[in-house]
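Asker: Take a look at the letters that make up each chain.
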Amino acid sequence: MKRYSAASLFTEGFRGHTGWERAWRHPDPKPAYDVVIVGAGGHGLATAYYLDKEHGITNVAVVEKGWLGGGNTGRNTTVVRSNYLYPESAALYEKALQLYEGLSKDLNYNIMLSQRGMLEVAHSRHELEACAYWANAMRLNGIDSEVLTRDEVIALVPGINAGPGARYPVCGGYIQRRGGIARHDAVAWGYARAADARGVDIIQNCEVTGFRRDGAGTLVGVETTRGFIGAKKVALAVAGHSSVMAERAGFRLPVKSYALQAMVTEPVKPMLDTVVMSLATGVYMSQSDKGELVIGGGLDLYGSYAQRGNFPTIEKVVASAIELIPAIGRLKLMRTWAGIVDVTHDSSPIIDRAPVQGVYVNCGWGTGGFKAIPVGGYTLAHLLARDEPHPLAVPFSLRRFESGRLIDEAAASGIPH
Amino acid sequence: MLLITCPECGARPETEFVCGGETHITRPGPFAEVPADVWAGYLFHQANPRGKLRERWRHQAGCGLWFNLVRDTVTHEITSVYRMGDPKPEIA
Ligand SMILES: Cc1cc2nc3c(=O)[nH]c(=O)nc-3n(C[C@H](O)[C@H](O)[C@H](O)COP(=O)(O)OP(=O)(O)OC[C@H]3O[C@@H](n4cnc5c(N)ncnc54)[C@H](O)[C@@H]3O)c2cc1C
Ligand SMILES: [Zn+2]
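Here the protein sequences line up with chains A and B, keeping their order.
For the first sequence, the numbering used here assigns the number -6 to the initial residue and increments by one for each residue that follows.
For the second sequence, the numbering used here assigns the number 3 to the initial residue and increments by one for each residue that follows.
Just so you know, these hints were derived from the structure itself, not from any lab.
Don't be surprised by glycine CBs; every beta carbon is placed ideally from N, CA and C.
One thing to keep in mind: the hints can contain errors.
[To be verified] Output of the computed footprint for chain B on chain A, the stretches with three or more beta carbons under 8 Å from beta carbons of chain B: (1) 6 to 13; (2) 114 to 123; (3) 247 to 256; (4) 286 to 300; (5) 372 to 384.
[As the list claims (entries may be wrong)] Which bits of chain B does chain A cover? Going by a derived footprint, with three or more residues having C-beta under 8 Å, they are: (6) 11 to 24; (7) 44 to 52; (8) 60 to 66; (9) 83 to 94.
So here's chain A without its partners, still in its complex pose (with noise of 0.2 Å):
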């Protein structure tokens, strides 16, 4: 891999950029791996990296159905924070966040991580003394946040409904600074190459489409559209597609898939240089460095594999979003997307070997993966490794819907991406 730097740009640039290489290669696959990884999305990615980062372990193929990075990886918003309530939550994400914070260095690809904050605005005093809580709560887990006052709000965000009419009238907030954005792709692609020079074969086009054991029930492979995979591991990190991969190994999941939609503006001028949520409605905004803003809302509340979504849920952002920031109103959408997201009763990730032998999990991240990628694949590649939990993700197992021990997120902080 040649690297990429300021020396790089500067020569290519005098060469009319011919001297650039492909970024990875498209490789047919081998007869067999050690592991093989389904899903080139970001947690897939990720996985491959660290499998020999942290391992030593290079025999491995990712094989994805579309392209790398074409799954939710590519059409989600871009949030990345660790503004989690409960303990287990706190540090699985905040891990996350911290690899963020190195990664554009460790992978050699600029993932433009932002740091222009997470700001949660508060509607009401009962949402305010909840925001004081989970500040509180996030501080006690040693994650930077701040509660904020109504006017700080508004000084934050220029153009915030905080008028006497308001619908939704603005009370106060807290932000975790360090939370923000990152370039989507580039995490993917980053990962990819930085996996590609580690000798990770990344298999696109083709979908895995069942599973082969020996006489004796021990897992040796998998079918795909382009034939016989052998493989001593099997890890699934396909998101929306979790519970057909899982039907298909022999096993269920208790995740269920629904359709998540964003969307963006036309581009104007810089006006919003932070990450703006709102408790009340769910909406919540950013400004791409193209400067679309860049929409989000909550699930289209029925099962979906369909990857678009329906109207009346644009509708409800939308009429959320003018609500927040009511000059944005004359503004055209640009486009608007969906993803299949994997949700569980808890709104919290698995990560676990599955009931079923040699075959390895990694989904539940629902409507808020994008930000866990690093440490998705670094705790999936320590299970992958030592077949044992790494212990960032002990509580993630399985088992803790039979033992009642849910890590509930989704009640706990209510938030949906």
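Fit chain B with the ligands to the known structure of chain A by using the hints.
Answerer: Coordinates of chain B with the ligands only, in the frame set by chain A:
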């Protein structure tokens, strides 16, 4: 926007309805004898197929009725609507 046919009121927009998830689920019992994995199955392991699914819906902003339907989770096509207590339709 889905058009959903309530058995009482006829075709109405999806915004009048809420989806209650998989239908034809029986609560296991008696309570003290149900093993943990069966409870977990009942509470958390709902069907999540890519394709046809039997669901219950409620006409929340209308007559309030709970009823069943068969919907395809990829195309959203609704192929049958039937009342609580009606026999379970076959799905391919
Ligand atoms: C609209 C939207 C907004 C979001 N906003 C945020 C946000 O602001 N912050 C945040 O943290 N998270 C957010 N999320 C959630 C986040 O995008 C996901 O949790 C995360 O990207 C999941 O990454 P992944 O690698 O697990 O899955 P994906 O990126 O979806 O990758 C899974 C891959 O598996 C492949 N695959 C599936 N089946 C097979 C098969 N049989 N064989 C081979 N390959 C297969 C798919 O093609 C896909 O590429 C959002 C999601 C959406 C949809
Ligand atoms: Zn009705």
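Asker: Against this structure, judge whether each hint is valid.
Answerer: Structure-based check of each hint:
no., hint, in the structure
1, 6 to 13, "violated (count 0)"
2, 114 to 123, "violated (count 0)"
3, 247 to 256, "holds (count 4)"
4, 286 to 300, "holds (count 6)"
5, 372 to 384, "violated (count 0)"
6, 11 to 24, "holds (count 6)"
7, 44 to 52, "holds (count 7)"
8, 60 to 66, "violated (count 0)"
9, 83 to 94, "violated (count 0)"
Comparing the model with each numbered hint stated earlier shows that hints 1, 2, 5, 8, 9 do not hold.
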